[in-house]
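The residues making up each chain are set out below.
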Amino acid sequence: MVNLKINNIDVTVPEGTTILEAARLANINIPTLCYLKDVNEIGACRMCLVEIKGARALQAACVYPVAEGLEVYTNSPKVREARKVTLELILSNHERKCLTCVRNQNCELQKLSEELGVTDIRFDGENPNYGVDDLSPSIVRDNNKCILCRRCVSVCKNVQTVGAIDVMERGFISHVGCTFEKSLNEVSCVNCGQCITACPVGALKEKEDIDRVWDAIADETKHVVVQTAPAVRVSLGEEFGMPIGTRVTGKMAAALKGLGFDLVCDTDTAADFTIMEEGTELLQRIQNGGKLPLITSCSPGWVKFCEHNFPEMLDNLSSAKSPHEMFGALIKSYYAEKNNLDPKDIVVVSVMPCTAKKYEVAREELAANGCPDVDISITTRELGKMIKQAGIDFVNLPDGKFDAPFETSTGAAVIFGATGGVMEAALRTVADILTGEDLENIEYHDVRGTNGIKTAEVEVAGKKIRLAVANGLGCARYLMEQIRDGKAQYEFVEIMGCPGGCVTGGGQSIVDAKTKMSVDVKAVRAKAIYDEDKSMAIRKSHKNPVVTKIYEEYLGEPCSHKAHDLLHTHYVARDKHYN
Amino acid sequence: MAKSSTIPFAGTKEQKEKLDAVIAKHKDMEGGLIPVLHQAQEIYGYLPIEVQQMIAEGLNIPMAEVYGVVTFYTQFSTNPKGKYKVAVCLGTACYVKGAQELVDKISQRLNIGVGECTPDGKFSLDATRCIGACGLAPVLTVNDDVYGRLTAKDIDGILDKYINE
Chain A
1 MVNLKINNID VTVPEGTTIL EAARLANINI PTLCYLKDVN EIGACRMCLV
51 EIKGARALQA ACVYPVAEGL EVYTNSPKVR EARKVTLELI LSNHERKCLT
101 CVRNQNCELQ KLSEELGVTD IRFDGENPNY GVDDLSPSIV RDNNKCILCR
151 RCVSVCKNVQ TVGAIDVMER GFISHVGCTF EKSLNEVSCV NCGQCITACP
201 VGALKEKEDI DRVWDAIADE TKHVVVQTAP AVRVSLGEEF GMPIGTRVTG
251 KMAAALKGLG FDLVCDTDTA ADFTIMEEGT ELLQRIQNGG KLPLITSCSP
301 GWVKFCEHNF PEMLDNLSSA KSPHEMFGAL IKSYYAEKNN LDPKDIVVVS
351 VMPCTAKKYE VAREELAANG CPDVDISITT RELGKMIKQA GIDFVNLPDG
401 KFDAPFETST GAAVIFGATG GVMEAALRTV ADILTGEDLE NIEYHDVRGT
451 NGIKTAEVEV AGKKIRLAVA NGLGCARYLM EQIRDGKAQY EFVEIMGCPG
501 GCVTGGGQSI VDAKTKMSVD VKAVRAKAIY DEDKSMAIRK SHKNPVVTKI
551 YEEYLGEPCS HKAHDLLHTH YVARDKHYN
Chain B
1001 MAKSSTIPFA GTKEQKEKLD AVIAKHKDME GGLIPVLHQA QEIYGYLPIE
1051 VQQMIAEGLN IPMAEVYGVV TFYTQFSTNP KGKYKVAVCL GTACYVKGAQ
1101 ELVDKISQRL NIGVGECTPD GKFSLDATRC IGACGLAPVL TVNDDVYGRL
1151 TAKDIDGILD KYINE
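Protein chains in written order, with our numbering: chain A, 1 to 579; chain B, 1001 to 1165.
Excised from the complex, chain A in its bound form (with noise of 0.2 Å):
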């Protein structure tokens, strides 16, 4: 342990912690901007200046780690000044149009000018004129508004591995962007929106759907049905001030019947179709020596990464299509067959915590006859906005119930949400159906929590079958090089784009570096996902009576010949750096 005083208060931290993390311990807040736990630790802002005793200059709190007998002050004329100078040029080269921004009042840069004091733009500084790049189906990149902090950077390159954006040019017209000044579109971007919940000011977003939404919503010769992933229950509250990991299942029902959609369904009733064909299909290539491991594809940014990364491996990915496309789909042919419509007259929007889903909508395999499966993909935080705009008072609503006749789900569907939980899901069913009971013990914790790789091997009726479970894609890279060189062996994968899964997925409530200093998102909306399985009256998939009687009524049987037309799909080997 090593003893220094910040602000003549004694503290005792282990070896390592930076005078950041100290300070925070001790309950004292050292303003930051470029750093983001974890992610970017690089001292390049200057926020985070404090005063050494004996130290010639002012030093970045950040990267500054403790040592035994410092002396620090956080609060010194000289301190404060030096931040305040430093925001001030940070704000002088800044388009400050705060009221029209996406993140207005959820802003650091806005948060630290009011809590710094500034009150006037001293500075004029030269404010190149940089084109937004919003051809992107799900990120929209505005450096007009972006402040260096070079966060995005970080998430993309180094814990991604994906490496769309770096640092271009120097002086003041340094800036955010792709290779050759391409656009996000043209380039290996995977879509997955780690750089928007890593982005403390707006020059991030998705692109917004909510206009096409609302337009859907008013045109009377449409039937729209929407429908939320398990992650965003979880998330949702969040927009509303509620705590994070808040569990509002039934006032997003409520709210989305308020906002005018025809049909609100669950997307957890599709995770169920979901288990049923991608573990048939474990079972089928286990049995009949398919291709091995079988890797799960719900994941858009995953399944993109993949493509453009290992495209030799692409036989490797589940056909099955992800849950809120199945649903797409069935929508479109059994709702509508039952219901008397036509899938033209039908617009299906998903809700989920992620912007790669809207460029997975518009994948041209994801469409029967002309007609996407799902129409319009919005985010977590779009939903929140929308439901804002209707005048909807969130916090208080009662709780609703999703529609007949998809109104059921399991405890299996919603840990989809978190790392881990397909895998859970899979061999809740898989396992049943080889032993033929219906098995009590169905928590796999080997497969749960935060790790970025995960391992196991579990035996089922004398099977013994070897998991690995990735979240990151860092840590997908890290586990598909080990399968593909042969040096580790598995039956089945499951891999989510985002660190954490779903539940901290790109389209998800942004959290400030603040909070993430001293919570653990990921683990925290975890929790609340496993909690919501343990709510539930049915916990697999195949006992789903939702499931079971569209099987019988119209699929058949999982994998059967009208199930693959509908519910799986196929991958596409992309350049590697290209799109």
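The hints are simulated quantities; they were obtained by calculation from the structure and are not laboratory data.
We put the CB at the ideal spot given by N, CA and C, even for glycine.
Hints are not guaranteed to be accurate.
Which residues of chain A face chain B? A few of them, derived with a C-beta cut under 8 Å, are [stated by the list, open to error]:
no., residue
1, Lys157
2, Gly163
3, Phe172
4, Lys463
Calculated cross-link-like contacts (lysine-lysine; reagent style BS3-like; alpha-carbon spacing at most 30 Å) [unchecked claim]:
no., chain 1, residue 1, chain 2, residue 2
5, A, Lys527, A, Lys388
6, B, Lys1027, A, Lys487
7, A, Lys576, A, Lys207
8, A, Lys487, B, Lys1025
9, B, Lys1025, B, Lys1013
10, B, Lys1013, A, Lys576
11, A, Lys576, B, Lys1027
12, A, Lys576, B, Lys1018
13, B, Lys1122, A, Lys576
Given the coordinates of chain A, assemble chain B onto it according to the supplied hints.
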């Protein structure tokens, strides 16, 4: 801002072999990118997207990172140099004597910006630091030919000489 050159890339097998050898030497070296870029520019004369892609793949780093480093340093060029390299001195003496007008005039006449090359590969335009000929300010050079005490009116005559050559 540097953009991709409009002149088609015409790298040879020999150049590729040389670059591969340079990459192999620096592959696992920390900070290997900058020496590789230097030598790649020596081999090809410039660093077009095709060369940057070979470097990115060879060193296993993102293309955006390579491009970021190339655009940070002014001595790296993403455009080829022309048969005639026009360089206008923008050192202090030349600048106060109106060198910027020379740049503007050349840029207008050749329809290229500073750092660029004409589509036929004949002329490239660069702005340089002081070349030590302040007594002749403002000065420009075309390859090894030096022209001094210029005004914008002299530009057409100088360029015509090379155009008609």
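How the hints compare with the structure:
The closest approach between the C-beta of Lys157(A) and any C-beta of chain B is roughly 6 Å, which is under the 8 Å cut-off, so the hint is satisfied. Hint on Gly163(A) holds. Least Cβ distance to chain B is approximately 3 Å, under the 8 Å limit. At a threshold of 8 Å, the smallest CB-CB gap from Phe172(A) to chain B is about 12 Å, leaving the interface hint violated. The interface hint given for Lys463(A) is broken, as the beta carbon of that residue sits about 38 Å from the closest beta carbon of chain B, more than 8 Å.
Using a Cα cut-off of 30 Å, the hinted pair Lys527(A) and Lys388(A) holds, with the two alpha carbons roughly 27 Å apart. For the given pair, Lys1027(B) sits about 23 Å from Lys487(A) by alpha-carbon distance, which is consistent with the 30 Å threshold. With a CA separation close to 24 Å, the supplied pair Lys576(A) and Lys207(A) stays within the 30 Å bound. At most 30 Å may separate the alpha-carbon atoms for a hinted pair to count; Lys487(A) and Lys1025(B) meet this at roughly 27 Å.
Taking the CA atoms of Lys1025(B) and Lys1013(B), the gap is about 19 Å. The hint holds against a cut of 30 Å. Our distance criterion of 30 Å between C-alpha atoms is met by Lys1013(B) and Lys576(A), whose separation comes to about 22 Å. Distance check on the hinted pair: Lys576(A) and Lys1027(B) sit about 19 Å apart at the alpha-carbon level, within 30 Å; holds. Our distance criterion of 30 Å between C-alpha atoms is met by Lys576(A) and Lys1018(B), whose separation comes to about 23 Å.
At most 30 Å may separate the alpha-carbon atoms for a hinted pair to count; Lys1122(B) and Lys576(A) exceed this at roughly 34 Å.
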